[in-house]
Amino acid sequence: MTAIERYLAPAGLDDALAALAGGNATILAGGTDLMPQINAGKVAFRPILLNIRRIPELRAVEVGQGRISIGALVTINELKDNPVIAKAVPLLAEAADHFASDQVRNMGTIGGNVANASPAGDTLVPLLVLDAEVELASATGRRSVPMAEFFTGPGRSVRRPDELITALSLPLPRLRTVSRFVKFGTRPALDISAVSIGFSATLDGGRLSDVRVAFGAVGPVPMRGRATEAVLEGAALDAAIIAKAAATAQGEVKPIDDLRASAWYRRELIHNLLGKVLSDVVSR
Amino acid sequence: MSSLVEISCVVNGTPTRLAVPPETSALALLRDHLGLSGTKYGCGEGECGACTILVDGVSVNSCLMFAVDFDGRTVTTIEGLAVDRASDPLRQAFVEKGGVQCGFCTPGMVVQSRHVLDKHPNAGPDEVKRGLEGNLCRCTGYKKIVEAVITAAAAQSAAE
Ligand SMILES: Cc1cc2nc3c(=O)[nH]c(=O)nc-3n(C[C@H](O)[C@H](O)[C@H](O)COP(=O)(O)OP(=O)(O)OC[C@H]3O[C@@H](n4cnc5c(N)ncnc54)[C@H](O)[C@@H]3O)c2cc1C
Ligand code: FES
Ligand code: FES
Chain A
1 MTAIERYLAP
11 AGLDDALAAL
21 AGGNATILAG
31 GTDLMPQINA
41 GKVAFRPILL
51 NIRRIPELRA
61 VEVGQGRISI
71 GALVTINELK
81 DNPVIAKAVP
91 LLAEAADHFA
101 SDQVRNMGTI
111 GGNVANASPA
121 GDTLVPLLVL
131 DAEVELASAT
141 GRRSVPMAEF
151 FTGPGRSVRR
161 PDELITALSL
171 PLPRLRTVSR
181 FVKFGTRPAL
191 DISAVSIGFS
201 ATLDGGRLSD
211 VRVAFGAVGP
221 VPMRGRATEA
231 VLEGAALDAA
241 IIAKAAATAQ
251 GEVKPIDDLR
261 ASAWYRRELI
271 HNLLGKVLSD
281 VVSR
Chain B
1 MSSLVEISCV
11 VNGTPTRLAV
21 PPETSALALL
31 RDHLGLSGTK
41 YGCGEGECGA
51 CTILVDGVSV
61 NSCLMFAVDF
71 DGRTVTTIEG
81 LAVDRASDPL
91 RQAFVEKGGV
101 QCGFCTPGMV
111 VQSRHVLDKH
121 PNAGPDEVKR
131 GLEGNLCRCT
141 GYKKIVEAVI
151 TAAAAQSAAE
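Here the protein sequences line up with chains A and B, keeping their order.
Going by the working numbering, the residue at position 107 of the first sequence is 107; the numbering climbs one at a time, nothing skipped.
Going by the working numbering, the residue at position 31 of the second sequence is 31; the numbering climbs one at a time, nothing skipped.
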């Protein structure tokens with residue numbers, strides 16, 4: 001194991017960004033991914049261990065100018081319980097409710113979930129559906145990257161080693177938006193998703209517009225279902241459209257076989273669960 | 001070898017200064033350096049809850065936490081709850097309802113139950129079951145454990 005040469009726990013963002021500037025630091029937030037990955041030998045420490053948990057501005061939740069900004073350090077339990085988040089983006093609160101255990105939700109952060117870039121990360125599907133942007137900061141500047149362009153592979157993203165995720169920024173959903181999140185695993189608690197689906201659309205006079213669909217754990221990165229969205233956009237949700245959308249989704253995902261489920265089973269799940277989500281939306 | 005990091009924290013009510021290696025887990029610090037062996041190592045991966053402690057009053061898996069992150073915080077382990085008068089009804093309920101078999105999961109169960117009761121003073125079966133989702137009992141004594149926590153909630157509200 002590489003030894004940590006220095007441990008830093010700055011209280012200010014600028015100090016954290018300066019420590020990251022050389023790209024020589026391992027970032028620590030809740031540690032719920034980092035600790036097991038280190039113990040399993042999947043990642044090695046960089047020379048600096050940078051604990052970002054003492055930086056208050058990374059905890060902020062702010063609503064303004066038609067958007068909500070959720071600080072990287074906001075924990076999964078805060079996503080679940082914060083009334084501002086529950087009101088503005090209920091889909092995220094719902095996803096948080098399906099996450100791990102109380103103890104893990106108390107520690108794990110939204111920034112860590114995004115940075116970890118697991119295809120099964122449970123906040124990623126709702127963030128994709130909600131058109132979130134990842135706010136990145138480094139010593140040389142800031143940028144924001146749409147979620148749909150952030151991930152490049154399992155555990156990989158466009159984030160540079162000198163960049164910190166400071167927040168997730170989301171447009172507030174329009175009026176008459178309906179949204180759903182379903183996660184399928186073998187047990188309700190402490191289970192990594194075999195598949196998950198996020199859905200959001202404006203439902204007006206029985207027709208869907210602004211349709212966004214995303215799938216988790218069915219490919220190397222959490223993905224938007226663009227072909228499925230195209231089927232649903234502008235459509236009235238009848239049985240034929242629901243069947244067509246479910247079939248399109250089944251064809252569009254690219255799952256693998258692993259110990260949680262076979263690729264075939266995952267495609268079946270996507271087909272059936274999307275059908276269920278859409279039928280549920282009509283019945284309301 | 002990494003150099004040691006100086007931290008100060010309050011452990012079970014006692015202000016403590018420590019020098020810890022930065023890669024050490026909070027669980028290893030408690031058990032191996034502080035001799036607080038009530039907190040158990042079950043899986044080391046966040047799956048079993050045997051290592052649950054309270055940090056600033058919030059329950060966490062100490063096996064997933066870095067010990068250096070104790071700096072400036074208030075830490076409560078089962079040894080702290082053992083002498084906590086407010087937790088008398090909780091401990092008593094575990095005894096009376098038979099919520100302890102081999103006892104390995106018990107420290108984690110009690111600490112997590114403390115957190116559940118702090119969050120939901122009138123906790124019923126739903127809150128208790130959801131709250132204990134991250135705690136495994138290999139003796140599978142869940143029913144009695146859940147009963148114990150509900151009993152403690154009732155006893156606590158009656159005492160107020
Ligand atoms: C028992 C258990 C159950 C779990 N269940 C689930 C589940 O149901 N669903 C799910 O999605 N996940 C689950 N996880 C995974 C994990 O809890 C989440 O991914 C969590 O959100 C990670 O956040 P963290 O703050 O703990 O990240 P950390 O472990 O601190 O960090 C994770 C990674 O991201 C980097 N990082 C952290 N914050 C930032 C930042 N702001 N900027 C840049 N890089 C950063 C770190 O360097 C590290 O590489 C589980 C984990 C465990 C141990
Ligand atoms: S030892 Fe920490 S959760 Fe099992
Ligand atoms: S009492 Fe034996 S593990 Fe729970």
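Don't read these hints as lab results, they were simulated from the structure.
Since we're looking at a predicted model, the values are computed, not measured.
Ideal placement from N, C-alpha and C gives every residue a C-beta, glycine not left out.
Don't take each hint at face value.
Below, computed lysine-lysine pairings styled on BS3-like, alpha-carbon distance capped at 30 Å [said to hold, decoys possible]: (1) A:Lys-244 with A:Lys-254; (2) A:Lys-42 with A:Lys-87; (3) B:Lys-144 with B:Lys-97; (4) A:Lys-42 with A:Lys-276; (5) B:Lys-143 with B:Lys-97; (6) B:Lys-129 with B:Lys-143; (7) A:Lys-254 with A:Lys-276; (8) A:Lys-276 with A:Lys-87; (9) A:Lys-244 with A:Lys-80; (10) B:Lys-119 with B:Lys-97; (11) B:Lys-129 with B:Lys-144; (12) A:Lys-87 with B:Lys-144; (13) A:Lys-254 with B:Lys-143; (14) B:Lys-119 with A:Lys-80; (15) B:Lys-144 with B:Lys-119; (16) B:Lys-143 with A:Lys-87; (17) B:Lys-129 with A:Lys-80; (18) B:Lys-129 with B:Lys-119; (19) A:Lys-276 with B:Lys-119; (20) B:Lys-97 with B:Lys-129; (21) B:Lys-143 with A:Lys-42.
Partial pick of chain B residues on the chain A-facing surface, computed with a CB cut under 10 Å [claimed, not checked]: (22) Val-10; (23) Thr-14; (24) Leu-18; (25) Ser-25; (26) Gly-42; (27) Glu-45; (28) Thr-52; (29) Met-65; (30) Val-116; (31) Asn-122; (32) Gly-124; (33) Asp-126; (34) Gly-131; (35) Leu-132; (36) Asn-135; (37) Cys-139.
So, going through the hints one by one against the coordinates:
no.	hint	verdict
1	A:Lys-244 with A:Lys-254	holds (18 Å)
2	A:Lys-42 with A:Lys-87	violated (38 Å)
3	B:Lys-144 with B:Lys-97	holds (6 Å)
4	A:Lys-42 with A:Lys-276	violated (37 Å)
5	B:Lys-143 with B:Lys-97	holds (10 Å)
6	B:Lys-129 with B:Lys-143	holds (10 Å)
7	A:Lys-254 with A:Lys-276	holds (20 Å)
8	A:Lys-276 with A:Lys-87	holds (24 Å)
9	A:Lys-244 with A:Lys-80	violated (33 Å)
10	B:Lys-119 with B:Lys-97	holds (22 Å)
11	B:Lys-129 with B:Lys-144	holds (12 Å)
12	A:Lys-87 with B:Lys-144	violated (37 Å)
13	A:Lys-254 with B:Lys-143	violated (42 Å)
14	B:Lys-119 with A:Lys-80	holds (14 Å)
15	B:Lys-144 with B:Lys-119	holds (21 Å)
16	B:Lys-143 with A:Lys-87	violated (35 Å)
17	B:Lys-129 with A:Lys-80	holds (17 Å)
18	B:Lys-129 with B:Lys-119	holds (14 Å)
19	A:Lys-276 with B:Lys-119	violated (34 Å)
20	B:Lys-97 with B:Lys-129	holds (16 Å)
21	B:Lys-143 with A:Lys-42	violated (38 Å)
22	Val-10	violated (17 Å)
23	Thr-14	violated (22 Å)
24	Leu-18	violated (13 Å)
25	Ser-25	holds (7 Å)
26	Gly-42	violated (12 Å)
27	Glu-45	holds (5 Å)
28	Thr-52	holds (6 Å)
29	Met-65	holds (6 Å)
30	Val-116	holds (8 Å)
31	Asn-122	violated (17 Å)
32	Gly-124	violated (16 Å)
33	Asp-126	violated (13 Å)
34	Gly-131	holds (6 Å)
35	Leu-132	holds (8 Å)
36	Asn-135	holds (8 Å)
37	Cys-139	violated (19 Å)
Hint compliance for this structure: hints 2, 4, 9, 12, 13, 16, 19, 21, 22, 23, 24, 26, 31, 32, 33, 37 are broken, all remaining hints hold.
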